[in-house]
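Undergrad: Please build the complete structure, drawing on both the sequences and the hints.
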Amino acid sequence: MSNTKYEKLQIDGVEYKTTFTSKWINRKKWEEPNLNLIESHIPGTILNINVKEGQEVEADDVLLTLQAMKMNNKITAPFSAKIKKIYVKAGDQIAKDTLMIELEE
Amino acid sequence: MSLKRNILDLRKRKEIVLQGGGEEAIKKQNAMGKLTARERIQGIVDAGSFHEYDMFVEHQSKDFDMDKKVLHGDGVVIGTGTVYGEPVAVYAQDFTVAGGSLGLMHARKITKIMDHAIKMRMPIIGINDSGGARIQEGVDSLAGYGEIFFRNTMASGVIPQLSVILGPCAGGAVYSPALTDFVFVVDNISKMFITGPEVVKTVLGEVVSMEDLGGARVHAAISGNAHFFALTEQECFEQIKKLLTFIPWNNQRKAKAFPAKPPKPEYKINNILPADPTQPYDVREIIMAVADDSDFMEIQQDFAQNIVIGFGRIDGETVGFVANQPLVLAGVLDCDSADKAGRFIRFCDAFNIPIVTFEDMPGYLPGVEQEHMGVIRHGAKVLYAYSEATVPKITVILRKAYGGGYIAMNSRHLKADFMFAWPTAEIAVMGPEGAANIIFKKEIKESANPEETRKQKVIEYREKFANPYVAASKGYIDSVIEPEETRMLLKHSIEVSSNKTVIVPQKKHGIPPF
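Which chain is which? The protein sequence lines are G and L, in order.
Counting in our numbering, the first sequence tops out at residue 279, every number present.
Counting in our numbering, the second sequence tops out at residue 563, every number present.
Hints may be right or wrong, so weigh each one.
Stated by the list, open to error - Below are the DSS-like pairs computed for lysine-lysine, each with C-alpha atoms no more than 25 Å apart in a straight line:
no.: 1; chain 1: L; residue 1: K540; chain 2: L; residue 2: K464
no.: 2; chain 1: L; residue 1: K250; chain 2: G; residue 2: K263
no.: 3; chain 1: L; residue 1: K464; chain 2: G; residue 2: K191
Claimed, not checked - Quick look at which bits of chain G chain L covers, simulated, 3 or more residues with Cβ under 8 Å:
no.: 4; stretch: 184 to 198
no.: 5; stretch: 201 to 213
Everything labelled a hint here was simulated from the structure, so no lab data went into it.
It should be emphasised that the depicted structure is a prediction, and the values quoted were computed from it without experimental measurement.
Virtual Cβ for every residue (Gly too), placed ideally from N, Cα, C.
TA: Here it is in structure tokens:
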């Protein structure tokens, strides 16, 4: 145990010498979500895109259709905004968390 | 036919069944580093004690040309035997017969031996090695799984249930082990998952090997589904037999008592704990310094290592140890460690095993990840399990017992029967640093030398409050003890608890925060 390299963990203002588990080290770190970035919540195929760059959209307008798990998921605008950039095209197969559309308010 | 011919005919019939899936299939099984179903059973039970039932059971399905297929024993071996002279029920899926696939008669054999085990109040050991549902049998196969899960649930808390994963165990099949008390896995042999790598790839686009998805190491260290990890099947069988020495045969009995043995002299209880509460040490050494023969059978030793659980003996009697581990994540409680401890406490309570808690923890693990994973409802499991337990409950506070952690780790307030504290114990609403920063915030801020004042106030708080004597003065701690006295007092506590009686409010069952 004398050779163990210890890490430091702070709890309630006190720094403890200890070791970390790999699960703790590999945990997903929290990032504040950027609501302007429309990312895929599930992997799938882009069926069609209903909007163009520069277009103004209202909240709940359908931006595109993402086919995943045999379901056609309509991806809608979370709020009224302008389409800043479209990163995908119809037919694209995308992974989870792929950036599809960027909005600007 | 003469009797002799009848006997010879019977022998011949048995011989055929005992060949399982035949020489070729057995060769394949061995090539994967796996023993056959019957060899596995022999590896666990006392030599010559096993009696097999239902050898001549055959499947009755007709669809998809199944009526032309003979599946010996329908792919599963069931029976009873003894381990160290005590009865156990066993079933072992035979991968050499149709990949150990589960059809209706296969499931009926398993439920038959489960019913038998429940009626006879003996432990059941289930050896899983199966490709899954026998697709040709359709919904009958699903019915079979459901009947098994129901019995797992009915047997829970009545007889110990051990699941041994010695091959694939995929899809619905995984829920039988998940409902049982202890799951054993073997490196490179055990594979458990709900959806296999192929489906994961097709649906999610994630490429993962079977081993990385649901291998033995994954379940031992990451998912926490497994309780015991072994490198070989033989090592696994030894673990099973050893575990059985620590636990009772059913919930009406106590675990078998063994002759008392002192701890090994190399574990010196005075030399383990660093006085500085921020310094780590391995709490398992403290358990080994009090346990008979320093023999501690740790459970889930690679999962949520910030809490240590397992069985040992004090003066010959089995106890369940629960201990915060300052060596890992400073010994905090988090989602995983709360799950791990909560389940273990409930096992001990169901099977009349006294619980000894060694406490040294600074609180809960902070962070968005923990809060979003539900550390509130997971943490609540520990409170629930300790409060609900009516077996003798003994706590020894070694060092830190701060805030919510103090309450959760079997405090007097959750009806611990014996509360001991070492003189190094710090029982307080929070650590001295944090407390001083809050209580003396104004004084520190307004002083000429804030850093100096802060240090002074921390020392002041530690001297006045971070000790065992404040809690002892209120009767929350029964005795402040010297480390050397620990084993003797644990023994005493268990002795005087032998007729413990608790009356709980009448209810159907509680609703623990699963």
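Undergrad: Please write out, lowest number first, the hints stated earlier that are contradicted by the structure.
TA: 3
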